[in-house]
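A.B. asks: Model the placement of chain B on the given structure of chain A, informed by the hints.
Single-letter residue listing:
2 protein chains.
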Amino acid sequence: MISSSELKKRVERLHLSMECEGIESLLVSNPKNVGYLTGKETGRILLSKDQDTLWTRELYTEMHSDLYFGKGYPFEVAVYEKDAVKRKIADLGIENIAVENMPFLKYENTCKELGMKVLVSEIVEWQRAVKTVEEMEMLGKSARIAVNAMEKAYDVVREGVREIDALAEIEYEIRMRGSDSPPFNDGMLLSSGKDSADIHARAGRRKIKSPSTVVVDLGGRYSGYYSDMTRTLEVGRIDAKEKDLLLFVDDLRARAIDMIREGMKAGDLHSFVEKEMEKKGYKFFHGSGHGVGLEVHEFPSIARDSADVLKDGMVFTIEPGIYIPGKMGVRFEDMVLLKNGKARILTR
Amino acid sequence: MISSSELKKRVERLHLSMECEGIESLLVSNPKNVGYLTGKETGRILLSKDQDTLWTRELYTEMHSDLYFGKGYPFEVAVYEKDAVKRKIADLGIENIAVENMPFLKYENTCKELGMKVLVSEIVEWQRAVKTVEEMEMLGKSARIAVNAMEKAYDVVREGVREIDALAEIEYEIRMRGSDSPPFNDGMLLSSGKDSADIHARAGRRKIKSPSTVVVDLGGRYSGYYSDMTRTLEVGRIDAKEKDLLLFVDDLRARAIDMIREGMKAGDLHSFVEKEMEKKGYKFFHGSGHGVGLEVHEFPSIARDSADVLKDGMVFTIEPGIYIPGKMGVRFEDMVLLKNGKARILTR
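Sequence order for the protein chains is A and B. Going letter by letter, the first sequence gives residues 1 to 348 in our numbering. Going letter by letter, the second sequence gives residues 1 to 348 in our numbering.
Be aware that one or more of the hints could be misleading.
Below, in silico cross-link-like pairs of lysine-lysine (DSS-like), each with a Cα-Cα straight-line distance of 30 Å or less [to be verified]: (1) B:LYS82 with A:LYS279; (2) B:LYS275 with B:LYS311; (3) A:LYS152 with A:LYS8; (4) B:LYS88 with A:LYS311; (5) B:LYS275 with A:LYS86; (6) A:LYS106 with B:LYS265; (7) A:LYS40 with B:LYS327; (8) B:LYS275 with A:LYS40; (9) A:LYS88 with B:LYS49; (10) B:LYS71 with A:LYS106; (11) B:LYS49 with A:LYS86; (12) A:LYS106 with B:LYS194; (13) B:LYS112 with A:LYS117; (14) B:LYS86 with A:LYS283; (15) A:LYS32 with B:LYS86; (16) A:LYS194 with B:LYS141; (17) B:LYS49 with B:LYS8; (18) A:LYS106 with A:LYS8; (19) B:LYS243 with A:LYS82; (20) A:LYS71 with B:LYS207; (21) B:LYS40 with A:LYS207; (22) B:LYS106 with B:LYS88; (23) A:LYS71 with A:LYS106; (24) A:LYS327 with B:LYS82; (25) B:LYS283 with B:LYS311; (26) A:LYS327 with B:LYS117; (27) B:LYS112 with A:LYS32; (28) A:LYS194 with A:LYS207; (29) B:LYS8 with A:LYS32; (30) A:LYS311 with A:LYS9; (31) B:LYS283 with A:LYS32; (32) B:LYS71 with A:LYS194; (33) B:LYS71 with A:LYS40; (34) B:LYS194 with A:LYS32; (35) B:LYS311 with B:LYS342; (36) B:LYS141 with B:LYS117; (37) B:LYS117 with A:LYS106.
Calculated from the structure, these hints are not laboratory results.
Chain A on its own, in the form it takes in the complex:
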């Protein structure tokens, strides 16, 4: 359960960033961002120098309070009524306002609603990329669920078992370990043999063969915070060339993690992974990693040409993968925390 003091810290940090970036006021309505700042993914917030207001449905006013989150809840809470935001802006004399990176038609409607042109800013998403101590703890617990579930995977992935049955057992384990939700929006991935050459392959009714390799991509969720982890499992005795490929990708994962330093450009980290693969004669078809937090995929993006800078407090994945159509796929993924300048693996 998140506390008022933690929420207050987040709101204060956001005010500082707004000041740095010259944002006079900010209207927040993306449920994940609202949840990050208020403790509950519902309602709309207006942040400004003079006042931080949260509008919510009548049903929720009681939950958004000291009663629920402890003394010092950092918002004035009001029931949402038509034009409430517009009136508040006029009352506070606000002249410029920023909103989130929302769908285009919603952006147009917001401009119409407020009767003014608004800026678009990803300031909340960037703050969310750098975790607070409390968030690091939640992410650590979430990673623990993933590690335990992966142990279960090593247990249930066997010759003759249908992919979907192995997956159901693992998802069940994830829930029983206390995960808030199933792993990821579309559920976890489990694919064997040549089907695993498709990055997004979903578990089917195929039976797992021996020898073969099985890609298992899973995660948990603790107090809203996701985790993400992938292993490529061996079933039976795979041949030496396949074994070599597994070792190469797993080693590349480890080497990439060792390279991580504070202040590094995410695109450079990706280039390293891509070049190592090319040396070995393979192309790299996806990004090297992504931030993890209240969403499975958030900032930073560790991909080609990414200018995102890796900062202390960020939590993200490193996930090299090689895919050979008609043959097999191999991916190894860990979730790391960048702290005191270096990366520490959380999924271990």
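C.D. replies: Frame of chain A; chain B shown alone:
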């Protein structure tokens, strides 16, 4: 497995709508829309009078073909390269182009990429709201998974069982019944007693008490198509007033479904539900329903002031709910298919 002939039908229908709305060409990149038109949720499409092109990653060119979907795959498939879309637009002499309702910053980047101002259209989402015969079949099978899972819920929801444990059993059942993924993005909802007064309450470690009511909101997914269904279960002998509330909401669900007619405004259907609740002395805190298909929430929206028109072939939910803070929540939800002018319940 979707066939080339089904995909062709969808693409042809989209071309007709584009002509009606005066859209010369359409760039599609939302994975759900791409999946709807190409059979696989990856890549970008440009639809125009002269040619329908799909750009994808090298890894996927083989999967996007007659080989995989059967004779007559309706796209020219090319590997994506920088500025490929811009060059194609120039080659085909396209003068105006529409894109989907994408995030604002992505919209700005797309304008920059294409070197022209683009329109925003939800034409694909609106086509998706009216299901093809094949889609109705998938949705029927998906609804069947939900119904079977709900039977499991009646079985496992008992006094003394932790909410999270009951939920894990039900999600396991959903997977074992062949669901493509867990129900919904955040998993299913199961909440008992006073916690169910929160519409979005998630299962916790609380034990289910007797007497109490338990809201179970679940669904399955078959060949990509979701289902959605809610029941409020009784544990032990609840009092007469509570029983009366359950009967009222369930009956209101049935009456709303009986009222559905082709050509009706969705907002009017919602008004009916809201007014009936108000007569009984309750407020209605959410929408009466939403379309279901490749997404759990899609068009139409059955909510206050919705101008969406209910059409033959639409599949959507009807879900009245009453929430009494500190006491209980009651919701009953069915998924219906509007066919031959009337609604037929799929979740039964």
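A.B. asks: Next step is simple, just say for each hint if it's right about the structure.
C.D. replies: Hints, verified against the model:
no., hint, verdict
1, B:LYS82 with A:LYS279, "holds (23 Å)"
2, B:LYS275 with B:LYS311, "holds (23 Å)"
3, A:LYS152 with A:LYS8, "violated (39 Å)"
4, B:LYS88 with A:LYS311, "violated (40 Å)"
5, B:LYS275 with A:LYS86, "holds (29 Å)"
6, A:LYS106 with B:LYS265, "holds (22 Å)"
7, A:LYS40 with B:LYS327, "holds (20 Å)"
8, B:LYS275 with A:LYS40, "holds (29 Å)"
9, A:LYS88 with B:LYS49, "violated (49 Å)"
10, B:LYS71 with A:LYS106, "violated (40 Å)"
11, B:LYS49 with A:LYS86, "violated (44 Å)"
12, A:LYS106 with B:LYS194, "violated (35 Å)"
13, B:LYS112 with A:LYS117, "holds (21 Å)"
14, B:LYS86 with A:LYS283, "holds (25 Å)"
15, A:LYS32 with B:LYS86, "violated (34 Å)"
16, A:LYS194 with B:LYS141, "holds (28 Å)"
17, B:LYS49 with B:LYS8, "holds (15 Å)"
18, A:LYS106 with A:LYS8, "holds (29 Å)"
19, B:LYS243 with A:LYS82, "violated (35 Å)"
20, A:LYS71 with B:LYS207, "holds (28 Å)"
21, B:LYS40 with A:LYS207, "holds (23 Å)"
22, B:LYS106 with B:LYS88, "holds (20 Å)"
23, A:LYS71 with A:LYS106, "violated (35 Å)"
24, A:LYS327 with B:LYS82, "holds (29 Å)"
25, B:LYS283 with B:LYS311, "holds (28 Å)"
26, A:LYS327 with B:LYS117, "violated (44 Å)"
27, B:LYS112 with A:LYS32, "holds (29 Å)"
28, A:LYS194 with A:LYS207, "holds (12 Å)"
29, B:LYS8 with A:LYS32, "violated (38 Å)"
30, A:LYS311 with A:LYS9, "holds (19 Å)"
31, B:LYS283 with A:LYS32, "holds (26 Å)"
32, B:LYS71 with A:LYS194, "holds (23 Å)"
33, B:LYS71 with A:LYS40, "violated (50 Å)"
34, B:LYS194 with A:LYS32, "holds (25 Å)"
35, B:LYS311 with B:LYS342, "holds (10 Å)"
36, B:LYS141 with B:LYS117, "violated (43 Å)"
37, B:LYS117 with A:LYS106, "holds (18 Å)"
Figure legend: structure checked against the earlier numbered hints; hints not met, in rising order: 3, 4, 9, 10, 11, 12, 15, 19, 23, 26, 29, 33 and 36.
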